Amino acid sequence: MIKYLKTAQLSAFEKTNGGIVYLLPDVIVKICTLIPLVFLWKVVMSSGAKVDMTTEQMLTYAVLSALLADMLVVKTPASGWLSEGVLLKLYGRPLPVLGQLIALTVGGWVPMLLLFSLPMVILSPLLDVNLVPASPYFLLSFLLCISLGFAVDFLFACLSIKLRNMTWLICRIRAAIVSFFSGTIIPINLLPYGLAEAVKYQPFASLGGAPLSIFVGAANVERTIALQILWNLILWPLALLAFRKSQEGIVSYGG
Amino acid sequence: MADKITFTRVIKLLGISAKMDLAWFLRDTKYALAIIGADIVSNLSVVSAVFLISARFGGIGGMSVDEVLFMMAYSTLITGIFVMFGSHNNIHISRIIGRGQLEHLFIQPLPINVQLATCSFSPFTGGSNFFVGVVLMIIAERRLGLQVSFGWVLSLAVYLFITMVVIVARSYLVSSLAFYAPVAMEEISYTAVEGTWLLSTFPLSGMPPFVQIPLLTVLPEGLMAWFPSLCLLGRPPLGLSVYYPALYVIILLPITSYIFKRGLSYYVRKGSNRYVPYGFRR
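Line order of the protein sequences matches chains A and B.
First residue of the first sequence: 1, per the numbering used here; consecutive thereafter.
First residue of the second sequence: 1, per the numbering used here; consecutive thereafter.
Hints in this document: simulated from the structure, not taken from any laboratory.
Some hints here could point you the wrong way.
Computed footprint of chain A on chain B; a stretch qualifies when at least three of its residues, placed anywhere within it, have a C-beta under 8 angstroms from a C-beta of chain A [to be verified]:
1) 36 to 43
2) 57 to 64
3) 122 to 130
4) 194 to 206
5) 245 to 257
Bear in mind the structure is a predicted one, so any value in this text is a computation, not a measurement.
For glycine and all other residues, C-beta sits at the position ideal for the given N, C-alpha and C.
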């Protein structure tokens, strides 16, 4: 376990190698997006349309989604490193490759949690946002979401290995599909035209949208967590099997 | 000696880029079609988020669902133009600077600005979002019952051009940092342009002025789609003139030009250390 913690620590420090000041543009962009997003939802919710969430719930949902963005839809460096030639280096280290990827990803979350999420949690009362979970099961759901996120990411990495020269393309499609169907931008139960019913049982709905809905008290906790467990049980064995089969097909030039 | 640059020469250079784009499309059609599909899906996922919110709530901040659709069509047109003219990092210039690739342009017998303006023209593989934007614009225009005249289409073209100038100028402004910190600032342009793209699709109508005004000045996301769309619909917001975007460009361009040239001068004196002697990038 210590090896993984050290790997995560290395990853966290690596982000600040150039100096913390170089992380500021990302932090500024996140803050500048979050504040208008809060007001967008305030404007939208004040329209008087009948929905299943209150304004307070919606604001909490939107803010928490921004604060935990990296964890709600997990993205490991696997796909990018495939084309950059870095992935092969992991095979030269005395730890399982997937374990390293998980540790490196978790470590990479730390700088933004400290520089963006933590300060915004402290400032959240200024945005009229209440960051107290409505259910203690949020934590369990959040962990299941992260776990499922890794499985989904590894499956996309296997797809990148299979399709070789299409890493960028897969990243684009994956970002588009996952951000929409995970409910991190719009809560799934607010989707119009019957889309909510159509998409709420697919695996991406068990990512970000599930813990967020539980946090604000807008979900059936038992059913949501049961679905998350089910998708974890289905996708993890698939991901492990696919990765084992894909490894020998890795072609990585770097550059 | 550099070629003489005339309008005809610029068109010919665009033609060369288009020809190379077509050659790639024909040589690797399956991959090119996959890229085109990915571009469309990626853009639609961004604009559909705001549109679906507006559809669910019957509009946003005084803008009707069809007006929001019109704004999303404008945003898609901008994305289309961006991809069609900027897919070779010539708009994300911090990547070229940060990777030490600016020297590659120095050896060509053409001014750098002409190379950057023409090198990326890809109507065949990059034109899909522009086409989708045109279709969305026609649908929105029909649903809104707009009186489309030649003057209105000209206004649309001018606003699209101004929006693109704002995007390019802002990208070049922040990318000037890459002259001084090539590794750390290699992706600054991406952060400034793509990182804020979702924000640029927000209809700012109904938001308080302390949110709207910064988004029309310091961080001009409101000029990416919201402000021009409302101008084209005949009701410029905040009591500002329809000429405000043009005024913004007139102020932004000399500032960008001055700062970028200073950075370039520094780069020419100091060079780049991104490549090791055997060719790999640090």
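Here is what the structure says about each hint:
no. : hint       : verdict
1   : 36 to 43   : holds (count 5)
2   : 57 to 64   : holds (count 5)
3   : 122 to 130 : violated (count 0)
4   : 194 to 206 : holds (count 9)
5   : 245 to 257 : violated (count 0)
In summary, the numbered hints that this structure violates are 3, 5.
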